[in-house]
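Residue numbers (the working numbering), protein chains in the order written: chain A, 7 to 107; chain B, 7 to 107; chain C, 7 to 107; chain D, 7 to 107.
The set of hints was computed from the structure by calculation and includes no laboratory data. None of these values were measured; they are calculated from a predicted model. Any given hint could turn out to be false.
One copy or two, either will do: identical chains are not told apart, so a pair holds if it fits within one copy or between any two.
Within a straight-line C-alpha distance of at most 20 Å, the following computed SDA-like cross-link-like pairs (lysine to any residue) qualify [as the list claims (entries may be wrong)]:
1. Lys63 x His8
2. Lys96 x Val22
3. Lys63 x Ser90
4. Lys96 x Arg64
5. Lys96 x Ala38
6. Lys63 x Thr101
7. Lys63 x Ser92
8. Lys63 x Leu40
9. Lys96 x Pro75
10. Lys96 x Glu37
11. Lys96 x Glu106
12. Lys96 x Gly19
13. Lys96 x Ala30
14. Lys63 x Gln91
15. Lys96 x Ala60
16. Lys63 x Ala105
17. Lys96 x Pro26
18. Lys63 x Glu95
19. Lys96 x Arg33
20. Lys96 x Leu44
21. Lys96 x Ser23
22. Lys63 x Thr87
23. Lys96 x Glu71
24. Lys63 x Gly53
25. Lys96 x Ser25
26. Lys63 x Arg89
27. Lys63 x Met7
28. Lys63 x Asp88
4 protein chains.
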Amino acid sequence: MHTIIDFTLIPIGTGVSVSPYIAACQRVLDEAGLTYQLHPNGTGVEGEWDAVFAAVKRCHEVVHEMGSPRVHTCVQIGTRTDRSQSMAEKASSVTRRLAEG
Amino acid sequence: MHTIIDFTLIPIGTGVSVSPYIAACQRVLDEAGLTYQLHPNGTGVEGEWDAVFAAVKRCHEVVHEMGSPRVHTCVQIGTRTDRSQSMAEKASSVTRRLAEG
Amino acid sequence: MHTIIDFTLIPIGTGVSVSPYIAACQRVLDEAGLTYQLHPNGTGVEGEWDAVFAAVKRCHEVVHEMGSPRVHTCVQIGTRTDRSQSMAEKASSVTRRLAEG
Amino acid sequence: MHTIIDFTLIPIGTGVSVSPYIAACQRVLDEAGLTYQLHPNGTGVEGEWDAVFAAVKRCHEVVHEMGSPRVHTCVQIGTRTDRSQSMAEKASSVTRRLAEG
Chain A
7 MHTIIDFTLI
17 PIGTGVSVSP
27 YIAACQRVLD
37 EAGLTYQLHP
47 NGTGVEGEWD
57 AVFAAVKRCH
67 EVVHEMGSPR
77 VHTCVQIGTR
87 TDRSQSMAEK
97 ASSVTRRLAE
107 G
Chain B
7 MHTIIDFTLI
17 PIGTGVSVSP
27 YIAACQRVLD
37 EAGLTYQLHP
47 NGTGVEGEWD
57 AVFAAVKRCH
67 EVVHEMGSPR
77 VHTCVQIGTR
87 TDRSQSMAEK
97 ASSVTRRLAE
107 G
Chain C
7 MHTIIDFTLI
17 PIGTGVSVSP
27 YIAACQRVLD
37 EAGLTYQLHP
47 NGTGVEGEWD
57 AVFAAVKRCH
67 EVVHEMGSPR
77 VHTCVQIGTR
87 TDRSQSMAEK
97 ASSVTRRLAE
107 G
Chain D
7 MHTIIDFTLI
17 PIGTGVSVSP
27 YIAACQRVLD
37 EAGLTYQLHP
47 NGTGVEGEWD
57 AVFAAVKRCH
67 EVVHEMGSPR
77 VHTCVQIGTR
87 TDRSQSMAEK
97 ASSVTRRLAE
107 G
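Looking at chain A on its own, in the form it has when it is part of the complex:
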């Protein structure tokens, strides 16, 4: 099952800067070979369900290893069976609607 997710990871019990942890998560996604897209408030990832959630789990492990005693992640998950769709197509379908007025 293919999925597109969007996740925002928050370390709890560490300092006010979140960016080192987010950068570490990007490296996890790179190593996993997944297609992902960073945006200001989270990261979109697409791929097979098991590979995607193995990467999210690895992000939690890595952030704990960096010293964060608690990690909270908000994830939105989308799956569809009517047709295949990539993140790039999701964004362009809205852009096209806007162009059509």
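Given the coordinates of chain A, work out where chains B, C and D should sit on it, guided by the hints.
The following block gives chains B, C and D in isolation, referenced to the frame of chain A:
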């Protein structure tokens, strides 16, 4: 890695009633033998990471099999390494704070 | 417009214990006179849109005043125009489905 | 109070295509004069709390007017008191960390 999650599943492209799909997800959680707790806006689940996310995946599959072409789930995930904590303890720690004023 | 929301507030840049902040948010909801329901991973609230979001804003202000430099909240919002529905009815409609098998 | 949010709106009880509703929400944000950024799985918005949430409320109203009997939105909200920060700065702080290795 133990985790506590809270998820809200939404079938897209079906009717206005969501409850049959949520009831089907409860059965998935029962069959998985996971500890869970229904609340008006979602379901809390606790257990080992892999078992919990296998159940969430199974919920997506079951809701697709029931005829929903798209499924969207919002999940909040918590893990901690400083100590173990159950859902029951999370709720009672807030209640205790309130009682203390 | 009536709404049912469910929110999970996370202080960032403070200690590992979240419960004092959650307890403070409960007091905000009490003072606002809103119907709410605590669960292990968040709080459900129902009421008029403006009153509900004024309370969420007040929660952010209070948690900042308690010393948290950053506050992150994940909120799920539901509105419907086909009929009115309370949080109590949402939960019981799933329970009824389960009883029906 | 300044805030950066990220929201994903889902019409319930309509067809499988979500893009017309998302396009309508973009128009709401344009009319509100808010800074926003579309990504494949949602929309980031920044501005004063009251203006931002007035726009989210207006999105729910507009999607109901387009014929959706139920609307579900997942919103992540961030506020901070230690310093001001824009969406553009949030993204670039992670990019900078990655470049530093």
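Status of each hint after checking the structure:
Proximity of Lys63 to His8 under the C-alpha cut-off of 20 Å is found in both arrangements, the shortest distances being 17 Å within a copy and 11 Å between copies. Taking the shortest Cα distances, Lys96 and Val22 sit within 20 Å of each other only across copies (13 Å), while inside one copy they are farther apart (33 Å). Only between protomers do Lys63 and Ser90 lie at most 20 Å apart by alpha-carbon distance; the minimum there is 17 Å, versus 25 Å within a single protomer. Taking CA atoms no more than 20 Å apart as the test, Lys96 paired with Arg64 passes in neither setting, with 26 Å inside one copy and 23 Å between copies.
When the C-alpha separation of Lys96 and Ala38 is checked against a cutoff of 20 Å, the pair qualifies neither within a copy, at 22 Å, nor between copies, at 24 Å. For the identical chains of this complex, Lys63 and Thr101 are neighbours neither inside a copy (33 Å) nor across copies (22 Å), given an alpha-carbon limit of 20 Å. In this homomeric assembly, Lys63 and Ser92 come within 20 Å of each other (Cα to Cα) only across copies, at 19 Å, whereas the closest approach inside a single copy is 22 Å. Taking the shortest Cα distances, Lys63 and Leu40 sit within 20 Å of each other both inside one copy (14 Å) and across copies (18 Å).
Taking the closest pair of Cα atoms, Lys96 and Pro75 come within 20 Å of each other only across two copies (16 Å); inside a single copy the shortest separation is 36 Å, beyond that limit. Taking identical chains as interchangeable, the C-alpha atoms of Lys96 and Glu37 are never at most 20 Å apart, the minima being 25 Å within one chain and 23 Å between chains. Taking identical chains as interchangeable, the C-alpha atoms of Lys96 and Glu106 lie at most 20 Å apart only when both belong to the same chain, with a minimum of 16 Å there against 32 Å between chains. Within a single copy, Lys96 and Gly19 get their C-alpha atoms only as close as 35 Å, which misses the 20 Å cut-off; across copies the closest is 16 Å, which meets it.
Within a single copy, Lys96 and Ala30 get their C-alpha atoms only as close as 26 Å, which misses the 20 Å cut-off; across copies the closest is 15 Å, which meets it. When the C-alpha separation of Lys63 and Gln91 is checked against a cutoff of 20 Å, the pair qualifies only between copies, where the shortest distance is 18 Å, while the shortest distance within a copy is 24 Å. Taking the closest pair of Cα atoms, Lys96 and Ala60 never come within 20 Å of each other, the shortest separation being 23 Å inside a single copy and 26 Å across copies. Proximity of Lys63 and Ala105 under a CA criterion of 20 Å is satisfied in neither setting, with 39 Å inside one chain copy and 24 Å between copies.
Within a single copy, Lys96 and Pro26 get their C-alpha atoms only as close as 29 Å, which misses the 20 Å cut-off; across copies the closest is 12 Å, which meets it. Proximity of Lys63 to Glu95 under the C-alpha cut-off of 20 Å is found in neither arrangement, the shortest distances being 26 Å within a copy and 23 Å between copies. When the C-alpha separation of Lys96 and Arg33 is checked against a cutoff of 20 Å, the pair qualifies only between copies, where the shortest distance is 18 Å, while the shortest distance within a copy is 24 Å. For the homomeric pair Lys96 and Leu44, the shortest alpha-carbon distances inside one copy (15 Å) and between copies (11 Å) are both at most 20 Å.
Taking CA atoms no more than 20 Å apart as the test, Lys96 paired with Ser23 passes between copies only; the shortest distance there is 10 Å, against 31 Å inside one copy. For a Cα distance limit of 20 Å, the shortest separation of Lys63 from Thr87 across copies, 14 Å, qualifies, whereas the shortest one inside one copy, 25 Å, does not. For a Cα distance limit of 20 Å, the shortest separation of Lys96 from Glu71 qualifies neither inside one copy, at 34 Å, nor across copies, at 23 Å. Proximity of Lys63 and Gly53 under a CA criterion of 20 Å is satisfied in both settings, with 15 Å inside one chain copy and 14 Å between copies.
Proximity of Lys96 to Ser25 under the C-alpha cut-off of 20 Å is restricted to the inter-copy arrangement: shortest distance 8 Å between copies versus 27 Å within a copy. In the homo-oligomer, the alpha carbons of Lys63 and Arg89 lie at most 20 Å apart only across protomers (18 Å), although the nearest pairing inside one protomer, at 27 Å, exceeds that limit. For the homomeric pair Lys63 and Met7, the shortest alpha-carbon distances inside one copy (18 Å) and between copies (9 Å) are both at most 20 Å. Within a single copy, Lys63 and Asp88 get their C-alpha atoms only as close as 28 Å, which misses the 20 Å cut-off; across copies the closest is 17 Å, which meets it.
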